Amino acid sequence: MGEFPTFLKLGFHHIADPMAFDHLLFIVTLCAVYEWSEWKKILVLVTAFTIGHSLTLALSALDIFRLPSDLVEVLIPITILLTSLHNIWAKKVEGSAFSKTLSTNYGLALFFGLIHGMGFANFFRSLMGDMGSIIQPLFAFNLGLELGQLMIVAIFFTAYFILSRIFTIQQRDWNLYISGAGGGGAIILIVQGIFG
Amino acid sequence: MLFFKIILPFIFLLNAKEHDFKMSVCEIVYSAENEAFDVKFYLFQDDLKSVLYDNPDAPTIEEIKASEYILRHFNLNINGQAQALVFQSIKGKNDQVLAQFSTQKIPLSSLSKMQVKNNLFLEKFREQINMVYALLPGRDKLVQMLNATKTEAGFSF
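These protein sequence lines are chains X and Y, in that order. Numbers in the numbering used here are just positions in the first sequence, counted from 1, shifted up by 1380. Numbers in the numbering used here are just positions in the second sequence, counted from 1, shifted up by 50.
These aren't lab readings, by the way, just hints derived from the structure by calculation. Heads up, a few of these hints could be off.
[As the list claims (entries may be wrong)] Facing chain Y, from chain X, some residues (calculated, C-beta under 10 Å):
| no. | residue |
| --- | --- |
| 1 | Glu-1383 |
| 2 | Lys-1389 |
| 3 | His-1393 |
| 4 | Met-1399 |
| 5 | Ser-1417 |
| 6 | Glu-1418 |
| 7 | Leu-1507 |
| 8 | Met-1508 |
| 9 | Gly-1509 |
Everything numeric in this text was worked out from a predicted model, so none of it was measured. Just so you know, even glycine gets a beta-carbon here, dropped at the ideal spot from N, CA and C.
Chain Y with its partners taken away, still in its complex shape (with noise of 0.2 Å):
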């Protein structure tokens, strides 16, 4: 009866904390007027100002750290080559911010697979979940789900 009356309690009790879910979106979008990839990242603020500044309630978020730290943690490569994304521009919505990036020009017919690297905020959750999405003029949206143990994903089309 011990273990109902105290190690059962204990046990709930303990695990008593709010469910904090850790996570990105990442959207790959083929831009058929520009002939290129836009890349555009949806984090949370607190998340990104938590690896920034090790401070999730830092009162800003300057624009070079952050692109500086999402190139050093995502990686693109199409056509088996690596693509050196461009920063665009950052910019809040609500409690995330979108970051938005892209690459050099790609011709769409020239389109195979697509690899992809990100292990985003990973060094400070282990439960972080990064949905990275995939999407090209008149095809079906890919999704892959990246987490501690999957950080790399690939995409054919």
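Bound conformation, chain X alone (with noise of 0.2 Å):
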């Protein structure tokens, strides 16, 4: 297989492992606020997601910014909890209008996008030695990323479309049931991140 390829997949397969929890949890609870027919939001959001993390992921594979790899591991979990306590803090005074929550839904995803670009640079660095060039396998990388990224929103809302028809389940329980778990599983990731 050639450099390519094999960046494409390894890209592909780190965001998109159910191993690869905390990534993976971030993206879902931050789409826990839509509804599966507002796909052009959806769209905006994973874009802005993609902006924040292609940049830190560029800056810190090329050496240019970098933070300690243990803090990137704190601050990933971090980011998942501010994500569901936002979307069930702004459900409550918002009732069932969500129009702030969704624009400032965009401007988490970028600030904390971020953030998880440096968790994927740490991995990104780790696949390569010291020979030659970065660029060909870190933009093959990214764009396994964002086909990782994509199929994780499809499966997402796939999964919701179907469990809303069959449980008849409003939105906003749903926001509820997601961003709870979500923050309770980004509080066990951050204690281990700490104590660990």
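The two chains are supplied separately, each in an independent frame; assemble them into the complex guided by the hints.
Right, dumping it as structure tokens:
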């Protein structure tokens, strides 16, 4: 296999692997406030996350900017916890109207994407030795991340669509369940990161 | 509704663990100066300590033990002939270990194919990924990704 498909595959598996719980949990929590029919808003959200993590992945992989990996491993679940709290808090204030929540979510996706990008970079750097240019592998790896990210979003909303039809669940309840579960998972990751 | 209230959060919490990636990098680089291959391994220190001492926090790594472990789990075959790797050095680099070996002299003009078997750490970590890079002077870098389901790969020049 050539370099490009190898790193494309690695990027895809890194984010879509169920063992890669942190990034997956963030994307799911971020999408919790959306209806499956709001695909345009979801596209903007995913793009904002992509811009954020692509920027710091490149800067960190090229050694221009870097944070200690231990710190990044704690910051990532904090982004999940803050996103889930924001989802729940915004619901209480605004009832069923999510307009403010949605626009704030774009900002969260962009800003928190910067932190996740440094996490991706830790993995990416471990794949590279000392040999040659990293531009092509970096591009392929990032593209793989994007494909994996889109797959997670597609599966999440397909599951939501099916489950909401079976159980006639309200969107606000769905948001509460997903955000609550995301926040709980994030707390465990934070504790593991600090004391583990 | 039981699914949403109990089972879904339970699935999330059950899976909540850090994304601890397991991987190694091996570079096989032809040295025109020595007319031989330099074989470098970049390994995580805690992974190596886990397989050598069953303790990721062991205080030190013994050179002999580490080199013997690598040689037991890595085979290099060039032009159909098994290569006896010669240990050069091992040194710490941040949270990694760089272990260096070399082959006997092999004329560049005679190179046609290379076969690698790499099952480092797989007895301990089933999710282990072992990247293998090969580089000849003036050629593009070649790469293979090995794991539990694929421990051998070939390069053609």
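For each hint, the structure was consulted:
Given hint, Glu-1383 of chain X at the interface with chain Y, holds; its Cβ is 5 Å from that chain's nearest Cβ, closer than 10 Å. Taking 10 Å as the C-beta cut-off, the interface hint given for Lys-1389 of chain X holds, the closest approach to chain Y being about 7 Å. Residue-level restraint check for His-1393 of chain X holds (minimum Cβ-Cβ distance to chain Y is 9 Å; threshold 10 Å). About 7 Å separates the beta-carbon of Met-1399 of chain X from the nearest beta-carbon of chain Y, less than 10 Å, and the hint is met.
Violation of the interface hint for Ser-1417 of chain X is found here, the shortest Cβ-Cβ separation to chain Y being roughly 20 Å, above the 10 Å cut-off. Here the hint on Glu-1418 of chain X is broken, as its CB sits about 20 Å from the closest CB of chain Y, past 10 Å. With a cut of 10 Å, the hint placing Leu-1507 of chain X at the interface with chain Y holds, because the nearest CB-to-CB distance is about 6 Å. Of the supplied interface hints, the one on Met-1508 of chain X holds, with its beta-carbon coming within about 7 Å of a beta-carbon of chain Y, less than 10 Å.
Using the Cβ-Cβ criterion of 10 Å, the hint placing Gly-1509 of chain X at the interface with chain Y is satisfied: the shortest such distance is roughly 4 Å.
This entry does not satisfy hints 5 and 6, going by the numbered hints stated previously.
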